[in-house]
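Throw the hints in and build the complete structure from the sequences for me.
Just so you know, the protein sequences line up as chains A and B, in that order. Start counting the first sequence at 0; every next residue gets the next number (numbering that gives the first Met the number 0). Start counting the second sequence at 0; every next residue gets the next number (numbering that gives the first Met the number 0).
FYI, nobody ran anything at the bench for these hints, they're computed from the structure. Note that the structure is predicted; figures quoted are calculated from it, not measured. Hints are supplied without guarantee of correctness; some may be wrong.
Note that the list lumps identical chains together, so a pair holds whenever it fits in one copy or between two copies.
SDA-like mimics (lysine to any residue), calculated; alpha carbons at most 20 angstroms apart, straight line [unchecked claim]: (1) K116 with E91; (2) K231 with G182; (3) K244 with E320; (4) K16 with D125; (5) K242 with S323.
Number of protein chains: 2
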Amino acid sequence: MDIVISSRVRLARNFKKYPFSNRLSSEKAYTMIQESRDAILESPTIMAQEFEYIDLEQKSSLDKLVMMEKHLISPELVKKTTPTGVLLKQDESISIMINEEDHLRIQGIQLGSDIHKTWDITSRIDDLLEESIEYAFHDKYGYLTACPTNLGTGLRASYMLHVPALETTGQLKMILQAIGKFGITIRGMYGEGTEAQGSLFQISNQITLGQSEQEIIENLNTVTNQIVEQEKNIREKLLQANKLKFEDRIYRSYGILTHARQLSSKEAMSLLSDIKVGFELGILKTDKKPVNIYELMVCTQPANLQKQIGRALSPDERDEERASFLRQHL
Amino acid sequence: MDIVISSRVRLARNFKKYPFSNRLSSEKAYTMIQESRDAILESPTIMAQEFEYIDLEQKSSLDKLVMMEKHLISPELVKKTTPTGVLLKQDESISIMINEEDHLRIQGIQLGSDIHKTWDITSRIDDLLEESIEYAFHDKYGYLTACPTNLGTGLRASYMLHVPALETTGQLKMILQAIGKFGITIRGMYGEGTEAQGSLFQISNQITLGQSEQEIIENLNTVTNQIVEQEKNIREKLLQANKLKFEDRIYRSYGILTHARQLSSKEAMSLLSDIKVGFELGILKTDKKPVNIYELMVCTQPANLQKQIGRALSPDERDEERASFLRQHL
Chain A
0 MDIVISSRVR LARNFKKYPF SNRLSSEKAY TMIQESRDAI LESPTIMAQE
50 FEYIDLEQKS SLDKLVMMEK HLISPELVKK TTPTGVLLKQ DESISIMINE
100 EDHLRIQGIQ LGSDIHKTWD ITSRIDDLLE ESIEYAFHDK YGYLTACPTN
150 LGTGLRASYM LHVPALETTG QLKMILQAIG KFGITIRGMY GEGTEAQGSL
200 FQISNQITLG QSEQEIIENL NTVTNQIVEQ EKNIREKLLQ ANKLKFEDRI
250 YRSYGILTHA RQLSSKEAMS LLSDIKVGFE LGILKTDKKP VNIYELMVCT
300 QPANLQKQIG RALSPDERDE ERASFLRQHL
Chain B
0 MDIVISSRVR LARNFKKYPF SNRLSSEKAY TMIQESRDAI LESPTIMAQE
50 FEYIDLEQKS SLDKLVMMEK HLISPELVKK TTPTGVLLKQ DESISIMINE
100 EDHLRIQGIQ LGSDIHKTWD ITSRIDDLLE ESIEYAFHDK YGYLTACPTN
150 LGTGLRASYM LHVPALETTG QLKMILQAIG KFGITIRGMY GEGTEAQGSL
200 FQISNQITLG QSEQEIIENL NTVTNQIVEQ EKNIREKLLQ ANKLKFEDRI
250 YRSYGILTHA RQLSSKEAMS LLSDIKVGFE LGILKTDKKP VNIYELMVCT
300 QPANLQKQIG RALSPDERDE ERASFLRQHL
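Dropping the structure here:
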């Protein structure tokens, strides 16, 4: 079962020689950005060819939202009006946000649950940057960050989880309370303060200080494995308790997705979540080749949908195009 | 557009020599029933071969409900515990209920809007019965009936109408008030005191005294034609006002009907009503051969469904079998 959708590692880093981003002048910000670009693009490594720099000041809101929906940049970076940019690896597995809350936010993202691999590739970029940049680092406190919640390792390790059974039975709320004491939290689809849609949640460490990077990741893994097991168990129990009702819900969702002429983003996410479970439990079978439901979830987000259609769409037009897109792909 | 589903004519008649049914002893009821049977089955006409007698005392509740759902007998007749029977024409176009509220209720029913034809075939049976039965008849008041609301012609002429647009826009209620003064009323699917499902309504005359049979029928026709025109107009307006929303509703209903694993009778009727409109307006197109939606509505009523499956079903089982039946036929 595809309960763990993706693995993410994010490192917060700052230049020693510059004030934090919220106190950085535009002039110095541009210099800092240039130095960051050079650290990758002028490096004597293969990375120099694999990355491109995107000047976010030159990008439309739509383009920035497309990147946000793909989790390549944060909602905060979309909103910023100061000089910002992103160094993006061609395969979109690494993005380095520049001048977000911290000077650098190095993010590695991979589909699936192999967070060790994600950590490795992110860590390698961190090392490369450190060859030319002197980070703000304190012997006792570790990496210094704009917000004290990131102090120490500057690491946020997270998984995107698809947990509809835990959500609908209300058990996710109980889990949320229980995992707090392990320094782990669960948030919405795009992180802090964002809503969960399609039963997608981010689980991540809250504590960055007093634990090593390996401890943080192992701790997250332990808790996540338990949650994944619980999600599987509850799915099984729901299915056994009333198989027909379970099947009915999944098939209705499939029937609506393949026939509706208007679908809001929220409804589409919820219906796609249902059929994702249906495919995973072998309830839903279609003649067509299997589709990646998570990909459809991303593609039908407002900005990505408009990007594909190639023009700005009103909310009503989006609902129509979303329904049309999903009919074609299911 | 198939707004007029069927045409019905019902004549209330009583033997002169017997008290009305509610005061008729069992012995006399059996004699009255035998005389009614003989009037048809022993007549020197082709009718003798075309009718069969069904002793309702010998029939299970399920069998009686099956006939009721097909409008061959009334809900009142199903409930009666005194001796009752029905003379049924093989093609089910004529049924003569015996010992209902009146001794005889002669009913002709035809798909479509040709009420004159329905009147002709019903009237011919009335004439045949009168050859051997002396009806209770008063020179001034006409045919005498158990309830004074049927006095005079003893005629109820009615159409079954499918008017979803009038119902959803609330205009049916206004029409109901307006037509009262013409002696016309609109009631639920199985007549007085029954609920409307799938936007199916019966329109019929309330007045039986002081108008000739032809006047009653012409009056009903005039009002019905206006209602049909209004239904067409509102459908057109709803479609023009928001085509996409209209199409969305119809396609969602079709998607649910072809995918759900559990469907209540009420939900099935409502969804079938939607797709009936969809087919009629040319919105809904499928590769399969056209289906008679009204037939599906009758077949998926609780008793008819159990009859087809061949055994009594719990409500949950019915919902499952109904969904299965509709998936097969759509």
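Worksheet entry | Identical-chain pair category, K16 with D125, by Cα at 20 angstroms | This pair counts as within: shortest intra-copy Cα distance 18 angstroms, inter-copy 107 angstroms.
Fill in: 20 angstroms Cα threshold - placement of E91 relative to K116
Within. Shortest intra-copy distance 15 angstroms satisfies the 20 angstroms Cα cut-off; inter-copy 74 angstroms does not.
Practice prompt. Give the relationship of K242 and S323 under a CA distance limit of 20 angstroms: within one copy only, between copies only, both, or neither.
Written response: Cα proximity of K242 and S323: across copies only (15 angstroms, versus 30 angstroms in one copy).
Worksheet item: Given a CA cutoff of 20 angstroms, do K231 and G182 count as a within-copy pair, a between-copy pair, both, or neither?
Response: neither (24 angstroms within a copy, 64 angstroms between copies)
Discussion item. My question is about K244 and E320: at a cut-off of 20 angstroms on alpha-carbon distance, are they close within one copy, between copies, both, or neither?
Written reply: between (30 angstroms within a copy, 13 angstroms between copies)
Comparing the model with each earlier hint shows a violation of hint 2 alone; every other hint is respected.
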